[in-house]
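Starting from the given sequences, assemble the full structure and let the hints guide the process.
Number of protein chains: 2
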Amino acid sequence: MTSQPHHIVVVGGGFAGLWATRALDDPSVRITLIDRRNHHLFQPLLYQVATAGLSAPDIAAPLRHILDAQHNVEVRLAEVTDLHPQQREVELGDGTRVRYDTLLLAAGATHAYFGNDHWAPFAPGLKTLDDAVRLRRKMLLAFERAEMETDPAKRDAWLNFAIVGAGPTGVELAGTLAEIARHTLKDEFRHIDPRKARVRLIEAGPRVLPSFPQDLTDKARAQLEKLGVEVVTGTPVSDINAEGYRLGEHFIAAKTVVWAAGVAASPLARALGVPLDRAGRVLVQPDLSVPGHPEIFVGGDLASVQQDGKPVPGVAPAAKQMGKHIARAIKARLAGKPTTPFRYQDFGNLATIGRMAAIVHLGKLKFSGPLAWWFWLAAHVYFLIGFRNRFVVLVNWAMAYISYQRAARIIFGDAHDERKPGGDTR
Amino acid sequence: MTSQPHHIVVVGGGFAGLWATRALDDPSVRITLIDRRNHHLFQPLLYQVATAGLSAPDIAAPLRHILDAQHNVEVRLAEVTDLHPQQREVELGDGTRVRYDTLLLAAGATHAYFGNDHWAPFAPGLKTLDDAVRLRRKMLLAFERAEMETDPAKRDAWLNFAIVGAGPTGVELAGTLAEIARHTLKDEFRHIDPRKARVRLIEAGPRVLPSFPQDLTDKARAQLEKLGVEVVTGTPVSDINAEGYRLGEHFIAAKTVVWAAGVAASPLARALGVPLDRAGRVLVQPDLSVPGHPEIFVGGDLASVQQDGKPVPGVAPAAKQMGKHIARAIKARLAGKPTTPFRYQDFGNLATIGRMAAIVHLGKLKFSGPLAWWFWLAAHVYFLIGFRNRFVVLVNWAMAYISYQRAARIIFGDAHDERKPGGDTR
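These protein sequences, in sequence, are chains E and A.
Residues 1 to 426 (the working numbering) are what the first sequence spells out, left to right.
Residues 1 to 426 (the working numbering) are what the second sequence spells out, left to right.
What the hints contain is simulated information worked out from the structure, not anything from laboratory work.
Just to be clear, a hint being listed does not mean it is correct.
Repeated chains share a single entry, so a pair holds when one copy, or any two copies, can fit it.
Computed list of lysine to aspartate or glutamate pairs in EDC-like fashion (alpha-carbon distance at most 16 Å, straight line) [as the list claims (entries may be wrong)]: (1) LYS337 x ASP25; (2) LYS366 x ASP346; (3) LYS331 x ASP101; (4) LYS186 x ASP68; (5) LYS186 x GLU74; (6) LYS324 x ASP156; (7) LYS138 x GLU243.
Laid out in structure tokens, this is it:
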């Protein structure tokens, strides 16, 4: 062939984008991977950074480094702000356009307040490393403020924590925060008893971790309560402001509210001009291409895929599988062969709750407690990219486990300025 | 005794403040340790965080955790903004005052631009973890910008790095940055060759690392040049702006200029109303107390101490020794005994330059190169507080050494916004 290699633009270096890119290590295609961050993030452990168990670099690796040996890939650190499907171009933040032959849109999701965007400044969510460091700062500073406060009502407000949403992230945050209050911080203050901190997990739906069967959900709730979390289900939060939140008839004074109640697809999906589902995700074809645009694929959290009457979940294994499927579909197209429909292979569902507490659902196998926790730990450490990360994460966890200490309890920014660093309201 | 315990206020949880506090583990005194950060920082390794070799939490430990078992200590996260020596009170950022019987002022130093404060936005310095994360971001983003730039002159400006000041921090930053450009990043870009980055170390004085003897200084310079650093001595930088810097007659286009040329004492020293030296440090009595105020001691970088006609250097061992001396002096006073003069015990002087490059001066013993580097590494890892930190740092370094990779190459904040996070100009 003397023609130019086929140019694939991949938007997003998460699990879907990165796995597709790696599977396309072939000199007949040229790939431009565009991400607005310089790193691939191991999102399943992001809550550990937010709760000071891990450092940010422990769960992230530079995209350039991951891909340095794959010579058909160019990594660009830039934000894609618009798509022009008719011209086959993506538009970057600085106005430049990049032309593609094939596009993989894997820009992921962000947390969403479902029409209550004014809650965002008071109830930050957790999607990026910046979010995690900001959340860590907010949680740790709350104990510091409580220690300085002499008014008992205000002190209680600083020691009142609420996590809104009992999906995996909400459960992890609540369980770990309870552990920090009860164990990590217990001897460190002179005026407050951190064990009296109230950690509340609030879910509008009827139960925690609704993607699990009822019996495991019940076990998860029992484990949360044993760790000291107060679980409230069936009640939506109806308002959040700087002083606290409203739950049914009651306004609860709480200085730390965390949003884990929902995600919405990247707004980029709208630029495709095709039907989206209620969460803004693209209703893709069976082969994950976009209706009317066989040259555009969508993967990861941005793709809405139904399988056997149920949605494919927004988890890392599904995103990786989509990425690999899309790579195969692109190769099939280039070879003039038909594409096959995507099928999600569900290897099981795990959720961690806190120290020695987790639930595992693998086909007919269901278990919970310490064994589930070890299983979860092993699986997650194994899947972290790169040997160094795996090993250091293991060491950090082993030390945290033995000592009850959390290594990353660093508050960035000055103590007197609550809005640093990057203290905006994203 | 039925009287109230003697109340000691310690301002600053650096080496002087923390070592004094630990040496005063005695129920007859009550200590309030005030710091505006929640952590003790192992400052000698701060440049490793700036150059992405270590995570911020690797070199910092929460003050509350370090001191949790010392029951006569209360840690307060607050900024001391003023002193009232006549009333024996310190004033906090929120206006509250804390009364002391004895005060230890150990608020340290900050980087100083010597009348050129308008250079600060273009040439950030390195004193805190926030500084280090910001510097890391600035350096890594420069390579990203160069990769995106199509104009060759602008591209060169992004690949031009200048470190102003060839003291220990400047030398460490220059040597490590050269290593990153030549080894860590070498295969990761498609449009630039990071090895062509120009790393210049600029010193107004006649030689690098002037606290070392001439022969070791010469060896340090040779090692820097071998690592790829261009060393310029005897020439001060006469201007710095967003486009570059002026050196003698020439203006050099350089997007990344780092300030390592000088420190000034905390402005709190002025509130004492006693004579200061040219760098703003307190000219203390031989026992490290303040003239006219036997109840106030000054330690660490804030104290100006002459010994045998030379100033005691602003290094961690000196600060620790001062802290311990002040603890002894306070105990002597409480027992009605005279205090003794402080004597700095110089155990030697080490400086690291880069991979396998360092110089060591221990009394009559002088050596350089790989052996000096291993010696430096062992000493610094040994002195890091706490087992966990030591071990993880060792692992990180071992991995970095084997792989040439740097684990903490994470750019926080959005790619399109150069001013986040905490992107102010401190």
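Verification of the supplied hints:
1. LYS337 x ASP25: neither (19 Å within a copy, 77 Å between copies)
2. LYS366 x ASP346: Classified as within; 14 Å inside a copy, 63 Å across copies.
3. LYS331 x ASP101: within (13 Å within a copy, 77 Å between copies)
4. LYS186 x ASP68: Classified as between; 9 Å across copies, 45 Å inside a copy.
5. LYS186 x GLU74: For LYS186 and GLU74, only the inter-copy Cα distance (14 Å) is at most 16 Å; the intra-copy one is 49 Å.
6. LYS324 x ASP156: neither (50 Å within a copy, 39 Å between copies)
7. LYS138 x GLU243: The answer is within: 14 Å in one copy meets 16 Å, while 37 Å across copies does not.
Going down the numbered hints, you'll see the structure goes against 1 and 6, while the others check out.
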